[in-house]
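S.K.: For reference, the chains in residue letters:
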Amino acid sequence: MSDILINIPFTELCKIEGIERELVVDVVEYGIVEPIGYVVDERVMEGRMVGQAEEGQWLFETRSIVWIQKAIRLHLDLDIDWIAVAMVIELLQQKSDLEKENERVVQLLQRFVDSEKTL
Amino acid sequence: MDFKDYYKILGVESDADTKAIKTAYRKLARKYHPDVNSEKDAEDKFKEVAEAYQVLKDTERRAEFDELKKYGSRSGGGYQTPPGWQGSQRSQSSQGYSNQAGSGYEGDFSDFFNSAFGGRSQGFNQSQQRGVRGQDIEIELPVFLEETLQQSEKPIAYILPSSQGGQVPGIKKNLKVKVPQGVMDGEKIRLVGQGQLGSNGGSAGDLYLHIRVVPHPLFDVSGHNVLLTLPLAPWEAALGTKITIPTLAGKISLTVPPNTPSGKKFRIKGKGLKTKAVTGDFLAIVKIVMPAKTSTESEALWQQLAAQEQFDPREEWSAKS
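Chain order of the listed sequences is G and C.
Under the working numbering, the first residue of the first sequence carries the number 1, and numbering increases by one thereafter.
Under the working numbering, the first residue of the second sequence carries the number 120, and numbering increases by one thereafter.
Since the hints were derived computationally from the structure, they do not count as laboratory data.
Among the hints, a few may not be true.
Stated by the list, open to error - Cβ-Cβ distance ranges computed for the label pairs, FRET-style:
| hint | chain 1 | residue 1 | chain 2 | residue 2 | range |
| --- | --- | --- | --- | --- | --- |
| 1 | C | GLN429 | G | GLU99 | 45 to 53 angstroms |
| 2 | G | GLU17 | C | ALA396 | 28 to 36 angstroms |
| 3 | G | LYS15 | C | LYS159 | 29 to 37 angstroms |
| 4 | G | ASP26 | C | ASP163 | 27 to 35 angstroms |
| 5 | G | GLU12 | C | GLU132 | 48 to 56 angstroms |
| 6 | C | LYS395 | G | ASP97 | 20 to 28 angstroms |
| 7 | C | ALA368 | G | CYS14 | 26 to 34 angstroms |
| 8 | G | LEU108 | C | GLY320 | 51 to 59 angstroms |
| 9 | G | GLU99 | C | ILE362 | 33 to 41 angstroms |
| 10 | G | VAL105 | C | SER318 | 43 to 51 angstroms |
| 11 | C | GLU158 | G | ASP97 | 15 to 23 angstroms |
| 12 | C | SER414 | G | GLN107 | 31 to 39 angstroms |
Glycine is no exception: its CB is placed at the ideal position from the N, C-alpha and C atoms.
Bound-form chain G, shown alone (with noise of 0.2 angstroms):
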């Protein structure tokens, strides 16, 4: 039960405004996003064997959602090609986890400087 919570199949996340089936294939196909397993016969089957799957069993986590309309989006919107997104969309994940790496760094430093926040 709680594998469905946090993951949505294939065709759920077609349903979803903006996302059609080709241009999922497509962030999939240039490894923008990866499935994280696939569906078969109701069952779940995490793992990289994502390959041999067809693109219906596909399995995603529930936050690649807004990863894959981000890359639909600038792809577009901006009209720039699916390696150039696959870029944009890294660089902005990596900064993403550098803001969340900043927050705990700079938490975590709080409790031994004095509590000026500013350094």
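Guided by the hints, dock chain C onto chain G, whose structure is given.
M.R.: Same frame as chain G, now just chain C:
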């Protein structure tokens, strides 16, 4: 309704050629695209720029716009589309546009665009023909760090926006959600069909819960590890001690060896956050603290120590100079 000067929006002259318009659009679209620009008004600016480009890149629409511009600049104050203005016929069914490769953004445009170029009819027709899926809803779900140790059940309350164009007030919803063990900050939980109801037989949208792990007064989280700052008095650090420390799973005792420096980490395996696949560790990080005041007796003892000790804490400095 305001008249929109598309030339001004793109920053081009009114006699600019198609190439200059395209270049100006690309530059601005790249700058303001809401997926790369996190400023508040970026999205509005992007829409404006996209709208301007939709008109100016097309010879017919551009000619129409030039006509409107002559009219609009004369009429000062609020803008009204000239009576009897028809707009181009083919813009009524703008399929031709959206199928062109690289036609760009086709989202919601301003009232001015809709009245001048008839974009409004599009969305209207669509909703007449087939059921519309309800909107997805996203809400934040604060979770305490302790709650992530095992599956927990949380009540949530939210308001479903009505699907009849705001005529009916929203519906209050109460749900109980099973939050899986080991959820992390930023993760999303999806509840199928718990979003806005669809209309015309369309299916309901989904509800997304955006997990926000509430900062803990004692513990920090790094990946799956849990960090605790461990304050020690200088003599505790010097002589070593045995103390009881709090962890997420209760108190445990920790032996601090003699000569423990500030910043030293004590790792307690397997006492961090748990998911199905990984179990993190618990890390206690030493921070040496001083009493706010020192008694005369203690000061005498420190004096004695200072006189006796050869240790140079700034050895590195003198070696370099």
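S.K.: Evaluate each hint against the coordinates.
M.R.: Comparing the hints with the structure gives:
1. C/GLN429 <-> G/GLU99: 45 to 53 angstroms: 46 angstroms, holds
2. G/GLU17 <-> C/ALA396: 28 to 36 angstroms: 33 angstroms, holds
3. G/LYS15 <-> C/LYS159: 29 to 37 angstroms: 30 angstroms, holds
4. G/ASP26 <-> C/ASP163: 27 to 35 angstroms: The hint (27 to 35 angstroms, Cβ to Cβ) holds, given that G/ASP26 and C/ASP163 are roughly 29 angstroms apart.
5. G/GLU12 <-> C/GLU132: 48 to 56 angstroms: Given a distance of about 49 angstroms, which is inside 48 to 56 angstroms, the answer is holds.
6. C/LYS395 <-> G/ASP97: 20 to 28 angstroms: 23 angstroms, holds
7. C/ALA368 <-> G/CYS14: 26 to 34 angstroms: 42 angstroms, violated
8. G/LEU108 <-> C/GLY320: 51 to 59 angstroms: 53 angstroms, holds
9. G/GLU99 <-> C/ILE362: 33 to 41 angstroms: 35 angstroms, holds
10. G/VAL105 <-> C/SER318: 43 to 51 angstroms: Cβ of G/VAL105 to Cβ of C/SER318: about 47 angstroms, so the range 43 to 51 angstroms holds.
11. C/GLU158 <-> G/ASP97: 15 to 23 angstroms: 21 angstroms Cβ-Cβ, so the 15 to 23 angstroms window holds.
12. C/SER414 <-> G/GLN107: 31 to 39 angstroms: 35 angstroms, holds
In summary, the structure is inconsistent with hint 7 from the numbered list given earlier, while agreeing with all the others.
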